[in-house]
Structures are given as structure tokens and as C-alpha cells.
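Number of protein chains: 2
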Amino acid sequence: MCQLLGMNCNVPTDICFSFEGFCERGGTTDEHKDGWGIAFFEDNGCRSFLDPNPSVESSVSTLIRNYPIKSRNVISHIRKATYGEVKLENTHPFTRELWGRYWVFAHNGDLHDFQPDFSGAYEPVGGTDSERAFCLILERLKRDFRKMPPSELLGASLQQIAEDIAKFGIFNFMLSNGECLFVFCTTKLSYIVRQHPFSTASLKDKDVTIDFREHAAPGDRVAVIATEPLTVDETWIDVPQKKLLIFQDGELMV
Amino acid sequence: MCQLLGMNCNVPTDICFSFEGFCERGGTTDEHKDGWGIAFFEDNGCRSFLDPNPSVESSVSTLIRNYPIKSRNVISHIRKATYGEVKLENTHPFTRELWGRYWVFAHNGDLHDFQPDFSGAYEPVGGTDSERAFCLILERLKRDFRKMPPSELLGASLQQIAEDIAKFGIFNFMLSNGECLFVFCTTKLSYIVRQHPFSTASLKDKDVTIDFREHAAPGDRVAVIATEPLTVDETWIDVPQKKLLIFQDGELMV
Numbered sequence: 054m055c056q057l058l059g060m061n062c063n064v065p066t067d068i069c070f071s072f073e074g075f076c077e078r079g080g081t082t083d084e085h086k087d088g089w090g091i092a093f094f095e096d097n098g099c100r101s102f103l104d105p106n107p108s109v110e111s112s113v114s115t116l117i118r119n120y121p122i123k124s125r126n127v128i129s130h131i132r133k134a135t136y137g138e139v140k141l142e143n144t145h146p147f148t149r150e151l152w153g154r155y156w157v158f159a160h161n162g163d164l165h166d167f168q169p170d171f172s173g174a175y176e177p178v179g180g181t182d183s184e185r186a187f188c189l190i191l192e193r194l195k196r197d198f199r200k201m202p203p204s205e206l207l208g209a210s211l212q213q214i215a216e217d218i219a220k221f222g223i224f225n226f227m228l229s230n231g232e233c234l235f236v237f238c239t240t241k242l243s244y245i246v247r248q249h250p251f252s253t254a255s256l257k258d259k260d261v262t263i264d265f266r267e268h269a270a271p272g273d274r275v276a277v278i279a280t281e282p283l284t285v286d287e288t289w290i291d292v293p294q295k296k297l298l299i300f301q302d303g304e305l306m307v
Numbered sequence: 054m055c056q057l058l059g060m061n062c063n064v065p066t067d068i069c070f071s072f073e074g075f076c077e078r079g080g081t082t083d084e085h086k087d088g089w090g091i092a093f094f095e096d097n098g099c100r101s102f103l104d105p106n107p108s109v110e111s112s113v114s115t116l117i118r119n120y121p122i123k124s125r126n127v128i129s130h131i132r133k134a135t136y137g138e139v140k141l142e143n144t145h146p147f148t149r150e151l152w153g154r155y156w157v158f159a160h161n162g163d164l165h166d167f168q169p170d171f172s173g174a175y176e177p178v179g180g181t182d183s184e185r186a187f188c189l190i191l192e193r194l195k196r197d198f199r200k201m202p203p204s205e206l207l208g209a210s211l212q213q214i215a216e217d218i219a220k221f222g223i224f225n226f227m228l229s230n231g232e233c234l235f236v237f238c239t240t241k242l243s244y245i246v247r248q249h250p251f252s253t254a255s256l257k258d259k260d261v262t263i264d265f266r267e268h269a270a271p272g273d274r275v276a277v278i279a280t281e282p283l284t285v286d287e288t289w290i291d292v293p294q295k296k297l298l299i300f301q302d303g304e305l306m307v
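Quick mapping for you: the protein sequence lines, in order, are chains X and R. Residue 54 is where the first sequence starts when you use our numbering, and the numbers rise one by one after that. Residue 54 is where the second sequence starts when you use our numbering, and the numbers rise one by one after that.
Keep in mind that a hint or two might mislead.
The list cannot tell twin chains apart, which means a pair is met if one copy fits it or any two copies do.
Said to hold, decoys possible - Think about it this way: if two alpha-carbon atoms lie no more than 25 angstroms apart in a straight line, the pair counts; the simulated DSS-like pairs of lysine-lysine are:
1) Lys123 to Lys140
2) Lys123 to Lys133
3) Lys220 to Lys133
4) Lys200 to Lys140
5) Lys133 to Lys200
6) Lys195 to Lys220
7) Lys241 to Lys295
8) Lys259 to Lys123
9) Lys123 to Lys257
10) Lys220 to Lys241
Hints listed in this document are in silico derivations from the structure and should not be mistaken for laboratory results. For clarity, every value in this text was computed on a predicted model and none was experimentally measured.
Let's have the full structure, built from the sequences with the hints guiding it.
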């Protein structure tokens with residue numbers, strides 16, 4: 054299984070603190086050494102940094118730890134290969150364009166005998182069950198809507214597609230279009246919303262403590278979602294099973 | 054106008070030497086300071102490093118100069134904004150998927166009154182004439198072929214599409230699907246094919262000399278294409294105008 058990390062905020066925020074702990078899971082505090090990646094939205098633009106090498110040994114992860122890219126939506130993934138070889142084309146997060154926006158997707162879990170027929174709108178490049186799931190999600194959204202629908206309609210459609218795919222196995226995923234972060238869980242994901250009054254937090258995977266009062270303004274709000282809680286002294290909430298969550302502007306939408 | 058750099062090889066090769074000189078054009082030896090990017094294919098996978106900051110000041114370009122990613126197809130671009138703001142979504146190269154492969158595109162030039170109607174297969178995310186051209190190229194290829202056709206058919210189709218778009222203005226571009234590098238020129242592009250017997254070369258934009266005999270094996274073959282020659286002591290060939298060139302395995306296909 055893999056490790057997922059997502060962030061959704063109301064103002065562009067860097068993910069350096071969370072990423073510092075998270076990338077230890079790519080070879081130090083956990084065994085997920087089959088590559089890693091991170092995608093940052095900046096307005097409608099999106100840039101990914103992908104590396105088929107373990108995150109703890111990666112020059113690219115050193116860059117990300119030290120280069121504070123400010124973003125309102127981030128998705129990161131550390132891979133433990135199940136389906137698909139360890140190579141770049143199988144490294145999450147995956148990116149495609151739909152309705153003139155980039156969409157980014159990362160998955161934790163295994164989908165068994167999951168070989169959908171694709172219409173040709175989106176086709177997987179690599180050999181993972183995950184990229185097949187992503188292509189199917191986008192194909193169905195494109196079939197159902199000609200343009201970006203309101204969030205509620207989009208959420209209802211995604212809920213149905215996610216349930217359909219989850220019949221094939223473990224399907225924890227994060228998906229973003231740069232505006233919302235969509236989170237779906239069949240086994241394990243937790244989240245926390247940090248907002249005023251801010252406090253301190255200590256990483257679980259590394260001896261690092263941060264005082265958010267020195268970094269955040271009173272109106273800032275940041276949701277962080279991860280496979281396992283990243284800090285030891287905050288209360289993380291379990292993502293409910295098989296219920297799509299939508300984070301927007303750093304808060305959980307009903 | 055922008056600066057383009059492309060590389061196509063028969064074995065995975067790092068682009069560090071060429072990139073070292075090229076990225077000086079993003080603020081030192083030339084005025085193209087409106088962001089830059091580079092995309093590397095590794096098998097069918099593709100990773101891009103995009104930065105809306107000038108390449109000479111960029112942490113990301115420091116990484117690329119020092120981190121030898123070996124690739125058979127590379128496209129890089131330094132931007133001088135004409136159409137579209139200086140922001141990530143307008144930073145080349147652009148990437149999309151077609152027929153289960155990634156395609157990467159970068160453009161130098163200006164297309165005037167170029168506002169094609171898109172069918173919905175591909176839509177631009179940013180505001181550049183360049184991304185519109187890329188989306189139109191892919192839309193027409195997808196309309197004409199259900200699967201990847203043989204190179205000659207693909208080349209003939211691309212030649213026609215490129216000529217159609219070039220009616221709107223200056224259209225120098227590089228396009229790759231990870232196998233071939235397609236090059237089209239209406240004003241200025243040069244190339245060189247390096248192969249046995251290898252020799253030395255000195256950069257034009259920086260005081261650096263390399264002895265390829267220390268880096269290349271006898272069977273290696275590398276084509277490098279750039280807006281302006283990158284070295285002072287090699288013979289670069291002008292790309293002919295309005296004739297699509299296809300580079301594969303480091304050589305120019307007839």
C-alpha cells in the first residue's frame with residue numbers, strides 16, 4: 054500500500070512542514086520506496102515533481118523540502134508498487150486536462166480485475182490500476198457534463214463513480230481540479246483542519262516541531278489529509294468510509 | 054520571442070551540458086525572463102519541471118543542472134511573454150495524453166487572431182496562443198487517427214496541421230511523444246547531430262567546454278535542436294522553413 058498526503062487551503066500555503074514528515078515514510082519510517090510525487094496547483098496552473106526513486110534519497114524531494122511553493126491545493130503520494138512496475142509512467146500523482154482545467158489524482162489501494170473499456174477520451178499511459186481508475190473517473194465526468202458543473206453536482210457524480218470503482222477493491226484516493234480537493238476512503242485516511250487559534254505541532258516521523266502562530270495569519274485555514282496522522286499532538290479525524298468528502302478553502306463542505 | 058531546446062537520442066542521455074548554456078538565456082545572455090520549463094521522457098513516462106521564475110534565478114534549474122536525468126527525448130523552453138500573463142499555467146512545455154501516450158509541446162513565436170473552436174477533446178487551461186496551437190494539433194490528430202499511426206502518416210498529418218496554423222504567424226515548435234521529436238520552423242531553429250567520432254564543444258553562453266569522448270560510447274547518437282546554436286565550435290544546420298522534421302533515435306528521418 055501507498056501513502057497519501059493532500060492539502061487544501063483558503064490562501065496559498067507551503068507544505069514544507071507536512072512534507073518533511075511525510076517523505077520520511079518513503080524509506081525511513083515506512084517501506085514505501087517505489088517512487089513518489091507531488092503536484093501543486095498555482096491558480097489554474099499545475100506542476101508536478103515526480104521521481105521513481107525513494108523519497109528519502111531523492112534530489113527532487115530535497116528541492117521540495119527547501120523550496121516553499123505556495124499552493125491552495127497539493128497532492129502527494131509515496132508508492133509501494135502492487136500493480137505496475139517501478140517506473141516513471143507508474144508514479145503518482147497523475148495529471149490530465151478536463152473542461153480546460155488540470156485534474157490531479159493519487160490512489161492508495163489495490164483494484165482487482167479492474168480492466169475497464171475506455172472510449173478514447175482518456176487512456177492510461179502506464180500499467181497501474183490507479184491510472185485506469187483516474188481515466189475512468191474523467192471519462193465518466195466528461196460523458197455526464199459538457200462543462201464544469203456546480204460542486205454539489207460534481208460531488209454527487211464523483212460519489213457514484215467512486216462507489217462503482219470501489220467494488221473492485223481498496224480505493225482511497227485524492228483528486229483535485231485546483232479549486233476543491235475530493236477525498237474518498239474505503240480503508241484509511243485522516244484529516245485535520247488548522248485555523249485560528251493556531252498552536253504548535255510536532256511531526257510523528259521526524260523530530261521537528263512548528264509554531265503555526267509564527268507562520269499563519271488569523272484568517273488562514275488549512276486542511277491536511279493523510280493516510281496516517283502526520284503529527285502526534287493534534288487531533289486528526291478519520292475520513293468516513295465510502296463517503297466522498299469535498300474540501301474547499303480549507304474547510305470540509307457539507 | 055522565446056528560446057527552444059530539444060534533444061532526441063538513441064540511448065538515454067543527460068542534457069546537462071546543453072541546458073547549462075541554454076538556461077543562461079533566461080536572464081543573463083538573453084532577456085527571456087518570463088518563466089521556463091523542461092520535460093523529460095523516460096520510457097513512456099514523462100516528467101516536467103516548470104517554473105514561472107527566470108531560469109537563471111531558479112532553484113528548479115539548479116536542480117536540473119546538477120541532477121543528470123537520462124532521457125531519449127527532452128524539450129525545454131524559456132519564455133518571453135507575448136500572449137498570456139507570466140504565470141504557471143502559461144509556462145511551456147505543455148503536456149497532454151493522446152492514444153495512451155504523453156505528448157509534450159513548446160512554441161516560439163506569435164500567432165495573431167488565433168482563436169480556434171475546440172470540440173472538447175482538448176481545451177487550453179491558460180491564455181497562450183501556444184497552448185491553443187497544441188490543443189488544436191492533438192484534436193486534429195485524434196480526429197484523423199484512432200490509434201498511433203506509422204511515423205510517415207503521422208508526419209504527413211502534422212505537416213498539414215502545422216502549415217495551417219503557421220498562416221496565423223510565427224510558428225516554431227517542438228513536439229514529442231517520447232519516441233520521435235517533431236520540429237517545425239517558420240523563422241529560426243538550428244540542429245546538430247553528434248555521433249562517432251566525438252570531439253569537444255564549447256558553449257556559446259557560458260565558459261564551459263566538454264569532451265564528448267569522455268561521456269559517449271561509440272554507438273551513441275544525439276540530435277540537439279535549438280533556437281540559436283548552443284556551441285561556438287560545431288557546425289549547426291538551419292532547420293528548413295515550413296518543412297516538418299522528424300528526429301528518431303538521434304537522427305533525422307527522411
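Hints, one by one, checked against the model:
no.: 1; hint: Lys123 to Lys140; in the structure: between (28 angstroms within a copy, 13 angstroms between copies)
no.: 2; hint: Lys123 to Lys133; in the structure: between (27 angstroms within a copy, 23 angstroms between copies)
no.: 3; hint: Lys220 to Lys133; in the structure: within (22 angstroms within a copy, 49 angstroms between copies)
no.: 4; hint: Lys200 to Lys140; in the structure: between (34 angstroms within a copy, 24 angstroms between copies)
no.: 5; hint: Lys133 to Lys200; in the structure: neither (35 angstroms within a copy, 32 angstroms between copies)
no.: 6; hint: Lys195 to Lys220; in the structure: within (22 angstroms within a copy, 32 angstroms between copies)
no.: 7; hint: Lys241 to Lys295; in the structure: within (11 angstroms within a copy, 55 angstroms between copies)
no.: 8; hint: Lys259 to Lys123; in the structure: within (22 angstroms within a copy, 32 angstroms between copies)
no.: 9; hint: Lys123 to Lys257; in the structure: within (23 angstroms within a copy, 35 angstroms between copies)
no.: 10; hint: Lys220 to Lys241; in the structure: within (16 angstroms within a copy, 55 angstroms between copies)
In summary, the one numbered hint that this structure violates is 5.
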